[in-house]
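Visitor: Here is what each chain is made of, one letter per residue.
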Amino acid sequence: MTFVLTWLIGRLPIGWLQLQHNRTRLLSAVGGVTFANVLIFMQLGFMGALFESSVKAHRSWNADIVIASSDFRSIRELNPLPRARMFQALAVDGVAEAECLYVAPKTWTDPETGDTTTFRVTGVRPDAHAFKDERIQSQLHLLREGDVGLVDEGSRQFNPHISENIARDGVHQVEIAGRRLELRGLFHQGASFDADGALVVSDQTFFRMLPQFRAGTPSFILVRCDAGADVERVMADINASFSEADARAFTMEGIVRAEQSYQRRQTPIGFVFSFGIVIGFIVGLVMVYQVLTTDVQDHLPEYATFKAIGYSSWYFLSVVFEEALSLATLGFFPGLMISLVLYHVAAEATALPITMPWTRPLMVSGFTLLMCTISGALATRRLAQADPADLF
Amino acid sequence: MGPASTDSPRMLADSPHSVPAIETRGLCHSFGGGEAKLEVLHSIDLKIERGEVIILMGPSGSGKTTLLTLVGCLRSVQTGSAKLLGQELLGADERHLMNMRRHLGFIFQAHNLHNSLSALQNVRMGLEVHGRASLKQWRVACENTLKLVGLGDRLHYLPGKLSGGQKQRVAIARALVGNPDVVFADEPTAALDRATGQQVVSLLRRLADERKTTVFIVTHDHRILDYADRIVRMEEGRIIDSTTAVQDLAE
Numbered sequence: 000m001t002f003v004l005t006w007l008i009g010r011l012p013i014g015w016l017q018l019q020h021n022r023t024r025l026l027s028a029v030g031g032v033t034f035a036n037v038l039i040f041m042q043l044g045f046m047g048a049l050f051e052s053s054v055k056a057h058r059s060w061n062a063d064i065v066i067a068s069s070d071f072r073s074i075r076e077l078n079p080l081p082r083a084r085m086f087q088a089l090a091v092d093g094v095a096e097a098e099c100l101y102v103a104p105k106t107w108t109d110p111e112t113g114d115t116t117t118f119r120v121t122g123v124r125p126d127a128h129a130f131k132d133e134r135i136q137s138q139l140h141l142l143r144e145g146d147v148g149l150v151d152e153g154s155r156q157f158n159p160h161i162s163e164n165i166a167r168d169g170v171h172q173v174e175i176a177g178r179r180l181e182l183r184g185l186f187h188q189g190a191s192f193d194a195d196g197a198l199v200v201s202d203q204t205f206f207r208m209l210p211q212f213r214a215g216t217p218s219f220i221l222v223r224c225d226a227g228a229d230v231e232r233v234m235a236d237i238n239a240s241f242s243e244a245d246a247r248a249f250t251m252e253g254i255v256r257a258e259q260s261y262q263r264r265q266t267p268i269g270f271v272f273s274f275g276i277v278i279g280f281i282v283g284l285v286m287v288y289q290v291l292t293t294d295v296q297d298h299l300p301e302y303a304t305f306k307a308i309g310y311s312s313w314y315f316l317s318v319v320f321e322e323a324l325s326l327a328t329l330g331f332f333p334g335l336m337i338s339l340v341l342y343h344v345a346a347e348a349t350a351l352p353i354t355m356p357w358t359r360p361l362m363v364s365g366f367t368l369l370m371c372t373i374s375g376a377l378a379t380r381r382l383a384q385a386d387p388a389d390l391f
Numbered sequence: 000m001g002p003a004s005t006d007s008p009r010m011l012a013d014s015p016h017s018v019p020a021i022e023t024r025g026l027c028h029s030f031g032g033g034e035a036k037l038e039v040l041h042s043i044d045l046k047i048e049r050g051e052v053i054i055l056m057g058p059s060g061s062g063k064t065t066l067l068t069l070v071g072c073l074r075s076v077q078t079g080s081a082k083l084l085g086q087e088l089l090g091a092d093e094r095h096l097m098n099m100r101r102h103l104g105f106i107f108q109a110h111n112l113h114n115s116l117s118a119l120q121n122v123r124m125g126l127e128v129h130g131r132a133s134l135k136q137w138r139v140a141c142e143n144t145l146k147l148v149g150l151g152d153r154l155h156y157l158p159g160k161l162s163g164g165q166k167q168r169v170a171i172a173r174a175l176v177g178n179p180d181v182v183f184a185d186e187p188t189a190a191l192d193r194a195t196g197q198q199v200v201s202l203l204r205r206l207a208d209e210r211k212t213t214v215f216i217v218t219h220d221h222r223i224l225d226y227a228d229r230i231v232r233m234e235e236g237r238i239i240d241s242t243t244a245v246q247d248l249a250e
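If you're matching them up, the sequences are chains A and B in order.
Going by numbering that gives the first Met the number 0, the letters in the first sequence line up with residues 0 to 391, in that order.
Going by numbering that gives the first Met the number 0, the letters in the second sequence line up with residues 0 to 250, in that order.
By construction, these hints were calculated from the structure, which means they are not laboratory data.
Heads up, a few of these hints could be off.
Per label pair, the in silico range of CB-to-CB distance [what the hints assert, rightly or not]:
1. Asn114/B x Ala383/A: 20 to 28 Å
2. Thr1/A x Gln136/B: 18 to 26 Å
3. Arg380/A x Gly31/B: 19 to 27 Å
4. Ala35/B x Ile337/A: 34 to 42 Å
5. Phe270/A x Ala132/B: 50 to 58 Å
Just so you know, even glycine gets a beta-carbon here, dropped at the ideal spot from N, CA and C.
Please model the complete structure; the sequences and the hints are all you need to start from.
Guide: Below you can see the structure in the form of structure tokens.
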């Protein structure tokens with residue numbers, strides 16, 4: 000190691016040797032970097048899950064264009080729009096099909112476990128081609144009978160009896176909103192921050208469960224374009240066809256972006272996690288700074304000696320940065336490993352899609368380098384105290 | 000990143016040996032300012048030739064350490080003239096002083112070895128300051144210097160595993176490995192037993208004779224006086240007496 004470093008930087012790797020010499024200090028510094036890394040990774044993991052889970056429902060839809068009320072901000076806070084907009088959209092060139100979607104939250108308490116689950120209930124015509132998600136789409140025909148539902152097995156704390164019963168008897172009966180509902184099929188979507196799971200029912204069942212909803216006022220209108228149509232242009236044409244400003248068409252990507260930007264800007268959640276990242280950064284910064292400053296302090300006589308021999312201030316700066324970078328490297332990899340394990344644990348516990356995209360370690364390693372460099376830069380202020388004239 | 004070397008490090012070594020190693024004229028120095036201003040050196044005139052071994056003696060507070068740090072380029076000269084190897088130090092900036100220091104070897108009372116570096120690596124630090132070019136034969140040079148101080152069998156020992164005398168000898172090897180023109184030593188024998196102390200000073204004496212290295216020693220140790228060419232005594236910031244060793248012993 001020392002040999003490789005010597006060859007690499009063209010001088011003795013004093014910083015590395017210093018760190019290595021005091022194992023307790025090295026461990027505590029590396030621990031600090033690791034801790035900061037884990038903190039940042041977890042915050043990013045939760046934040047990523049927030050953005051990912053908030054659009055899982057949207058992504059399951061089979062649509063090129065989604066029409067929502069003009070004040071659409073989030074699937075959590077929906078306002079209805081007139082169904083007449085669907086017929087207007089169907090008249091636009093390039094539109095092949097359109098479908099109404101009714102969405103609302105509904106709370107259900109499992110009598111077996113006493114757990115309360117908030118479902119995001121989606122009502123749709125059983126004959127519609129409304130879902131890209133194969134499992135939902137292939138079971139939609141089951142909903143032709145009334146009071147039948149498909150349930151999300153990825154729901155938070157999903158009761159395994161439900162899937163067992165469906166597998167054995169083809170049905171699991173529940174009572175929801177004072178009505179019986181037969182759960183006949185399963186699909187997998189997973190929880191989000193505002194809903195514990197998803198439930199898909201027919202539009203008729205939806206109106207029975209949620210009597211305040213009317214068929215004439217859907218939550219979304221899903222639009223599929225003709226093959227080869229220019230989706231952007233069709234969307235613009237649909238928007239142009241609306242005489243009243245009560246509805247707005249988005250492309251699929253557009254509504255996903257709108258939803259995510261709402262989560263980031265309008266909810267405290269995005270802020271809380273960004274804040275957590277900053278805190279993790281500062282914790283790491285302070286811990287590394289502490290260690291580097293103590294280390295510089297301890298070696299002032301040696302540094303003063305080296306100054307007396309003729310070493311320049313740059314030399315000592317490079318030693319401190321060498322230490323900072325060593326700490327960043329040594330702390331990053333265990334941090335990544337621990338985070339991967341914790342991601343797995345947290346994903347199991349919360350039913351959130353907490354995953355590690357390959358870009359994230361790159362970003363966090365960048366953060367770590369920056370963090371250690373700033374700490375190093377702060378610690379070098381002490382170097383000025385190394386005065387060779389004090390050696391005598 | 001090696002230390003920057005703007006001047007050619009060997010330039011001064013090639014300068015004629017007729018130039019005195021150290022020459023001061025009217026050198027004064029004071030600490031503090033205003034009412035509290037304290038002058039510790041009063042108009043020092045001192046000339047030391049190449050290859051001379053000088054011992055500077057005097058009670059503590061007599062200004063000998065201040066003199067050493069001034070001609071050793073560790074402090075800026077305030078008034079008067081101080082020339083090191085023919086170069087004027089008055090008005091020299093930090094960068095110039097730093098480059099001058101690379102021609103010097105320092106042996107401190109406290110050895111100031113780097114605890115995380117082996118004996119060999121500590122000695123290498125004395126060589127590395129001259130840049131990459133000096134490192135080609137570093138291992139041979141460092142080993143030879145350590146052998147010179149009798150530590151050829153302790154190359155890979157960390158300072159923590161060496162005795163006080165051995166550490167001091169490593170520090171001496173570090174000061175000598177770069178073939179300095181002038182060696183400054185502050186109480187070099189204080190941490191050594193009599194035999195080792197004699198050994199070290201005779202080593203410095205040999206360097207002076209063979210390589211024309213100038214040796215400037217500040218000490219209280221009377222046992223080493225007979226190795227010096229000249230003994231300079233200071234008191235209250237003035238040189239009171241400059242005698243040859245023979246004269247001194249005669250007294």
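Visitor: Going through the numbered hints above, which ones does this structure break? Give me the numbers in ascending order.
Guide: Hint 4 alone not satisfied by this model.
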